[in-house]
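**Q** Heads up: the protein sequence lines correspond to chains R and X, in order.
The first sequence begins at 1341 in the numbering used here and counts up by one.
The second sequence begins at 1341 in the numbering used here and counts up by one.
Hints in this document: simulated from the structure, not taken from any laboratory.
Glycine included, C-beta positions come from ideal geometry on N, C-alpha and C.
Accuracy of the hints is not assured; some may be wrong.
Computed, partial: chain X to chain R, Cβ under 10 angstroms [stated by the list, open to error]:
(1) I1474
(2) L1493
(3) C1502
(4) G1588
(5) Y1641
(6) R1643
Straight-line C-alpha distance at most 25 angstroms; calculated PhoX-like pairs for lysine-lysine [what the hints assert, rightly or not]:
(7) X:K1681 / X:K1358
(8) X:K1633 / R:K1544
(9) R:K1358 / R:K1405
(10) R:K1525 / R:K1544
(11) R:K1633 / X:K1544
(12) X:K1342 / X:K1675
Protein chains: 2
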Amino acid sequence: MKYVSASRLEEFAMEALKRIGLEESGARIVAEFLVRANLRGIDSHGIMRLPIYVKRARLGLINTKAIPRFIRSTGSLALVDGENGFGQIVGSEVMDWCIMRANDTGISGAVVRNSNNFGAACLLAMRACEKGMIGFVLTNTAPAMPPWGGTTLTLGTNPIACAVPSDLGFPIVIDMSTTVVARDKIRAMAKEGKKIPLGWALNKLGRPTEDPLEALDGILLPVGGHKGYCLAFMVEVLSGVLSGSLFGRDVRQIYDFTGPQGVGHFVGCINIEAIMPLNEFKHRLAQLIAQVKSSDLAEGYDRIYLPGEVEFNIEQERLQTGIPVPDEVLLELTKMAASEKISCDLL
Amino acid sequence: MKYVSASRLEEFAMEALKRIGLEESGARIVAEFLVRANLRGIDSHGIMRLPIYVKRARLGLINTKAIPRFIRSTGSLALVDGENGFGQIVGSEVMDWCIMRANDTGISGAVVRNSNNFGAACLLAMRACEKGMIGFVLTNTAPAMPPWGGTTLTLGTNPIACAVPSDLGFPIVIDMSTTVVARDKIRAMAKEGKKIPLGWALNKLGRPTEDPLEALDGILLPVGGHKGYCLAFMVEVLSGVLSGSLFGRDVRQIYDFTGPQGVGHFVGCINIEAIMPLNEFKHRLAQLIAQVKSSDLAEGYDRIYLPGEVEFNIEQERLQTGIPVPDEVLLELTKMAASEKISCDLL
Chain R
1341 MKYVSASRLE EFAMEALKRI GLEESGARIV AEFLVRANLR GIDSHGIMRL
1391 PIYVKRARLG LINTKAIPRF IRSTGSLALV DGENGFGQIV GSEVMDWCIM
1441 RANDTGISGA VVRNSNNFGA ACLLAMRACE KGMIGFVLTN TAPAMPPWGG
1491 TTLTLGTNPI ACAVPSDLGF PIVIDMSTTV VARDKIRAMA KEGKKIPLGW
1541 ALNKLGRPTE DPLEALDGIL LPVGGHKGYC LAFMVEVLSG VLSGSLFGRD
1591 VRQIYDFTGP QGVGHFVGCI NIEAIMPLNE FKHRLAQLIA QVKSSDLAEG
1641 YDRIYLPGEV EFNIEQERLQ TGIPVPDEVL LELTKMAASE KISCDLL
Chain X
1341 MKYVSASRLE EFAMEALKRI GLEESGARIV AEFLVRANLR GIDSHGIMRL
1391 PIYVKRARLG LINTKAIPRF IRSTGSLALV DGENGFGQIV GSEVMDWCIM
1441 RANDTGISGA VVRNSNNFGA ACLLAMRACE KGMIGFVLTN TAPAMPPWGG
1491 TTLTLGTNPI ACAVPSDLGF PIVIDMSTTV VARDKIRAMA KEGKKIPLGW
1541 ALNKLGRPTE DPLEALDGIL LPVGGHKGYC LAFMVEVLSG VLSGSLFGRD
1591 VRQIYDFTGP QGVGHFVGCI NIEAIMPLNE FKHRLAQLIA QVKSSDLAEG
1641 YDRIYLPGEV EFNIEQERLQ TGIPVPDEVL LELTKMAASE KISCDLL
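Let's have the full structure, built from the sequences with the hints guiding it.
**A** Okay, here's the thing in structure tokens:
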């Protein structure tokens, strides 16, 4: 384990991403997504992803020269083809379009086909908050969950993210997979040699497991039983079926090299100023926050956290201490740097 | 227990609702919402609600003459004051506006303040499906859930509903409270003298309980732990904070007679035709449905259900058999009919 500053990690990621063909601006977006995920403690979506992105690009499975194409737009709603580009770049461009449209019409959305994994969905949703708007992001993912009552992997972990501007210095943010946990969290725990709690997953035979590798080879359980299945189904409809993207069993895992992932997204935003002055909204939100924060505490808890507050606190800390990078991830980054012939001073 | 036909129950509800001052058209909407909930097996939101609606109206806590007022609208987004009318009527009018706007702009939404409980949220979302659109409905409710790590009731059961048109003869529908179960389900079980499973709720002292009355007087647990809390928080922001409605601890229970409920909603829809022909969408959805339906079955399950399929099946059955009305509910309806001096031939 080594602590590496965010800026150093970001520069390293940029160098690798430019090496595989991204322009400066695109490389910066992807590098920022990766490092910001680490800063916020979402290590499973952080720099550990860089080698697999590089590998997929080198295999021609991600198009580093993609320019997202707006196939159709009707006032407030667009259909976008990601042209198999990086999900972070496609998503950012689409969110910027949504922000622009919501400026005029109050609410906007876009469905995206032929895209790729974009890492932490919350980072895309938070882009709207910088403009004083509420951002929404849904995406399908490779199959990880069976339908309720079944055992065949059919739906993804299909996360739901939403970010709301506040006067706290950080937005209120949710970013939740519709499984009990995200696949990448289990992958990260496998890399760290940890067990997973019972109730997260079943093995291939449909039996409860504490082994993260068995879980990755098996079945992730939906959050809240059939409710998680229902949410995952709707995310699949909005991001996969409606966009013209791949959906269900056909979406490819990031470690599947037989073709592009074919991921679909749904991105949207709401312009608060179309309803009330932003300051008034933030003032009202502060009242809700005060209600939440002043709750009596349950046994074993010493404070109430807002959605996104833990991640903000970790970010403040890691901006000081640097980002902890496990030895195994460092080793993979070094190997990747060697094969890409870029300098690596992370060790 | 007695079986009563949907049409007879609806006529009875209409008579009561007109008696308290609703116009024919408004009474029909509310009566349909109540009876359709029963038809779909959501008895907690069905005809058992009629007496409390009548009582609130008689106490002047619901305005039977309300005309929803569009305070502001910006292209695709509206702010609406429900003028303390019935949530079903306010919500239907607002959804119709959303459908009209989505026809032009592809996606639309509305935040609603000063409204009331509208019963089963899915029925409002399904209104969009009749026009070939995808409908969304969120609403805050009276506090039922503490923030994660706390014990003070601050957030409502805050349901999320979404309905998608399919070629199956019924829409795909989700309608889920962000608690493990809805308060009304526990209320219905209390009326039937049933125990609730452990894990649904805590009593006032923060201890697990199987007693529905203790649960109603205590704490409902969020679905999926902190994830349910995060979802409930966002629903509260979108329907309560953003609308200018009451929110958090200030929203009143339907059985609290100290003032209007002050409920807020978020309603929206997506025009599928703005993205692809409706038939193409339905064809793609049918492929996802085929994937889901063909999953291998888990132990103890004999088939896979789609979201909303169980409710559709119950509806088909109850259209034949009539709606089972428990004796206790019949008694309350009879009492209400007597005090309102309307005829009641349900017994």
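**Q** Going straight from one Cα to the other, do X:K1633 and R:K1544 come out at no more than 25 angstroms?
**A** Distance of about 19 angstroms is within 25 angstroms: holds.
**Q** Let me know if the C-beta of X:Y1641 comes in closer than 10 angstroms to any C-beta of chain R, holds or violated.
**A** 4 angstroms, holds
**Q** Does the nearest C-beta of chain R fall within a distance shorter than 10 angstroms of the C-beta of X:L1493?
**A** 9 angstroms, holds
**Q** For X:K1342 and X:K1675, compute the direct alpha-carbon distance and say whether it is at most 25 angstroms.
**A** Between X:K1342 and X:K1675 the Cα gap is close to 16 angstroms, so the pair holds against 25 angstroms.
**Q** Run the distance test for R:K1633 versus X:K1544: straight-line Cα separation, threshold 25 angstroms.
**A** OK: R:K1633 and X:K1544 at ~19 angstroms, within 25 angstroms.
**Q** Does X:K1681 pair with X:K1358 here, judged by a C-alpha cut-off of 25 angstroms?
**A** The hint holds at about 12 angstroms.
**Q** Regarding the hint that X:C1502 lies at the interface with chain R, is the smallest CB-CB distance below 10 angstroms?
**A** Holds. Min distance 5 angstroms.
**Q** Does R:K1358 pair with R:K1405 here, judged by a C-alpha cut-off of 25 angstroms?
**A** 11 angstroms, holds
**Q** For the restraint on X:I1474, tell me whether the closest CB of chain R is nearer than 10 angstroms.
**A** 8 angstroms, holds
**Q** How about X:R1643: closest beta carbon in chain R under 10 angstroms, or not?
**A** Holds, about 7 angstroms.
**Q** Would you check the hint for R:K1525 and R:K1544, treating anything up to 25 angstroms between C-alpha atoms as holding?
**A** At roughly 19 angstroms apart (the allowed maximum being 25 angstroms), R:K1544 and R:K1525 satisfy the hint.
**Q** Min Cβ distance, X:G1588 to chain R: is it shorter than 10 angstroms?
**A** Where the cut-off is 10 angstroms and the nearest Cβ of chain R is about 4 angstroms from X:G1588, the hint holds.
In terms of the numbered hints stated before, the structure departs from none.
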